[in-house]
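Novice: First to last, the sequence lines map onto chains A and B. Count the first sequence with the UniProt record's numbering and you get residues 1 to 283, in order. Count the second sequence with the UniProt record's numbering and you get residues 1 to 258, in order.
None of these hints come from the bench; they were simulated from the model. It is possible that part of the hints are untrue.
Derived list of chain A stretches under chain B, where covered just means 3 residues or more per stretch with a C-beta under 8 Å from a C-beta of chain B [unchecked claim]:
(1) 178–186
(2) 197–203
(3) 274–282
Heads up, incomplete: computed chain B residues facing chain A, CB under 8 Å, no partners named [as the list claims (entries may be wrong)]:
(4) Pro77
(5) Gln85
(6) Ser87
(7) Trp91
(8) Phe132
(9) Tyr134
(10) Thr152
The beta carbon of each residue, even a glycine, is placed where N, CA and C say it ideally should be.
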Amino acid sequence: MGYSYMASDELDAESAEGALEQKVWKEDKKPYRGYVPWLVAVIMIALWWGVTALNLFPPTALPSPGAVVHDFITVATVGYSGEPLLTSTLYSLGRITTGFIAAVVVGVPIGFWMASTDWVFLAIDPLLQFLRPIPPLAYIPVMIVWFGIGETSKVVLIFFCTIPIIIISAMSGVKSVQETRIRVAQCLGANKRQIFRYVIFPSALPEIFTGMRVGIGIAWTCLVAAEMIAASKGLGWMIESAGNELQIGVVFVGIVMIGLLGYGMELIIRSIEHRVTPWKGKA
Amino acid sequence: MISLQNVSKFYPPTQKGGKPVLAVDDFDAQIEAGEFVCIVGPSGCGKTTVLNMVAGFESVSQGDIVVNGVPVRKPGPDRAVVFQQPSLLPWMTVFDNIGFGLTLQEGRKTRSHDKVAKIIEIMGLKGFENHFPYQLSGGMQQRAAIARALITEPQMLLMDEPFGALDAQTRTDMQKFLLTIWDRLRPTVLFITHDVEEAIVLADRVIVMTPRPGRIAQVIDIGLGRPRNWDMVLSPEFLRYKKEVLHILRPPHSQTAG
Ligand SMILES: Nc1ncnc2c1ncn2[C@@H]1O[C@H](COP(=O)(O)OP(=O)(O)OP(=O)(O)O)[C@@H](O)[C@H]1O
Ligand SMILES: [Mg+2]
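All chains, please: the whole structure from these sequences, using the hints.
Specialist: This is the structure we're talking about:
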């Protein structure tokens with residue numbers, strides 16, 4: 001029973017199919033701008049090359065692109081201090097990914113909890129704001145004392161530096177949920193768990209993604225500090241140690257690698273974001 | 001049955017040290033089970049506030065609201081609401097939005113596909129099942145929101161200017177559809193509108209409100225018979241009701257106000 005008794009012809013449904021055949025859909029083409037990032041890269045490298053070709057700085061301060069490529073090939077094949085570039089890259093990637101994922105897995109629920117319960121917010125917020133301005137380098141001695149000089153202390157350092165932004169974005173995501181949407185669920189009989197699952201969580205997703213994108217950048221900036229803790233592998237370690245030996249070309253190899261990997265991770269998160277929250281900015 | 005007993009609503013002051021805003025003042029009305037009641041009144045007079053209190057979204061400052069003998073404390077699935085502002089969930093397709101009430105009842109994604117498909121067809125949304133709300137026009141979004149409220153066949157329907165965003169033809173279609181549904185299921189309907197004709201066409205009784213703070217100016221019984229014949233909008237009786245309501249909304253001596 002209910003409305004289902006109604007024959008569909010009682011109320012005409014729109015039937016635009018007939019008219020559609022004669023019309024042709026033309027894609028609204030935006031001018032192609034995909035070359036812009038490449039152009040910027042080319043210009044930057046050309047500038048770099050120009051500056052070094054003119055010998056404006058001594059090569060020990062700014063090596064030429066050619067010298068960096070040469071060092072790259074050496075580091076990639078022979079390795080730096082016996083560690084091939086690939087090993088260092090994989091170690092760094094592993095530390096960053098573990099610390100970052102742990103921060104997301106722990107930080108998001110904490111943020112949700114803080115947003116939903118007053119006393120939890122009051123308890124955690126001061127702690128969070130207190131930890132936030134502390135530079136990663138200052139953590140090093142504490143990390144060594146607490147977690148030793150193995151992998152744990154490095155990952156924990158990245159975790160601590162990344163988690164505040166994740167917590168804050170999850171919290172503000174929950175707080176930005178529109179009241180009407182909660183009311184929709186309530187008047188259709190949703191319980192607390194269902195309101196969270198169908199309304200609050202999806203509402204918070206866009207801000208969580210923004211927090212993750214900021215967070216992954218922060219994680220990479222902590223890498224050098226993390227690998228100052230008695231490491232013998234890793235991009236941060238390579239930069240730190242090559243710098244001490246004035247092998248500036250190797251330092252540049254490390255910098256470029258970190259930059260490219262950070263960019264790559266950002267692109268990955270961005271594409272997940274597009275897939276998970278296609279409505280973002282449209283509602 | 002919905003019983004509003006001397007209900008008043010204050011909103012907290014907008015600035016520190018300001019006076020609280022009296023939005024609804026001493027609203028007293030009984031809506032019988034199965035009755036169709038419309039509230040008309042000027043913008044800002046407190047219509048939405050009354051509906052929100054009946055729905056359980058807002059607390060009453062004074063008085064009581066009793067639904068089927070139980071004082072209203074919180075929202076519930078017995079009172080489905082169609083909101084004045086767009087309210088579809090942007091992360092769900094049209095199909096999932098409309099089936100949302102069933103999904104909540106069944107505890108998982110709804111399996112009553114036929115039910116959802118049927119109402120999608122009635123609402124003229126066929127072919128848009130897998131679209132997201134931002135891909136629909138405003139009027140289509142509103143029709144989907146109405147479908148969502150109707151699909152659980154609630155005992156009470158609270159509708160806040162549901163047809164405001166629709167063109168005249170679709171609006172008439174929706175009015176007819178709503179009356180047909182109402183005739184079969186007999187839900188208690190509290191329907192808010194700006195449109196005096198719409199109120200008279202639909203309602204058993206029209207509650208006319210004063211400008212803020214919202215009070216009941218008058219309650220008018222509409223004796224136009226059921227089912228409504230759509231030609232009656234030209235009848236002298238209909239025009240008499242219309243004049244009566246307009247007269248209360250815009251008293252002759254204050255033409256410029258409002
Ligand atoms: N959350 C709020 N806080 C403070 N004041 C409010 C709030 N909601 C509404 N008001 C005030 O209460 C009055 C009544 O608002 P309400 O939304 O009920 O009007 P309405 O009759 O539905 O108007 P419209 O026809 O324009 O939708 C308004 O004048 C408004 O200023
Ligand atoms: Mg309103």
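Novice: Hints first: check each against the structure and report whether it holds.
Specialist: Here is how each hint holds up against the structure:
1. Only when three residues or more bring their CB closer than 8 Å to a CB of chain B does the claim for the region 178–186 of chain A stand; here the count is 6, and the claim holds.
2. Under a criterion of three residues with beta carbons nearer than 8 Å to beta carbons of chain B, the stated coverage of the region 197–203 of chain A is upheld, 3 such residues being counted.
3. Counting residues of the region 274–282 of chain A whose C-beta lies closer than 8 Å to any C-beta of chain B gives 4; at least three are required, and the coverage claim holds.
4. Annotation: Pro77 (chain B) was flagged as interfacial toward chain A, and the flag holds, the nearest CB pair being 3 Å apart, inside 8 Å.
5. The restraint placing Gln85 (chain B) at the interface with chain A holds, with a minimum CB-CB distance near 6 Å, inside the 8 Å limit.
6. Against a cut-off of 8 Å between C-beta atoms, the interface hint on Ser87 (chain B) holds, since the closest Cβ of chain A lies about 5 Å away.
7. This hint holds: Trp91 (chain B) has a C-beta 4 Å from the nearest C-beta of chain A, less than the 8 Å allowed.
8. The criterion of a C-beta within 8 Å of any C-beta in chain A is met by Phe132 (chain B), whose closest approach is roughly 6 Å, and the hint holds.
9. Because the smallest distance between the Cβ of Tyr134 (chain B) and any Cβ of chain A comes to about 4 Å, under 8 Å, the interface hint for this residue holds.
10. Taken as an interface hint, Thr152 (chain B) checks out: its beta carbon lies about 7 Å from the nearest beta carbon of chain A, inside 8 Å.
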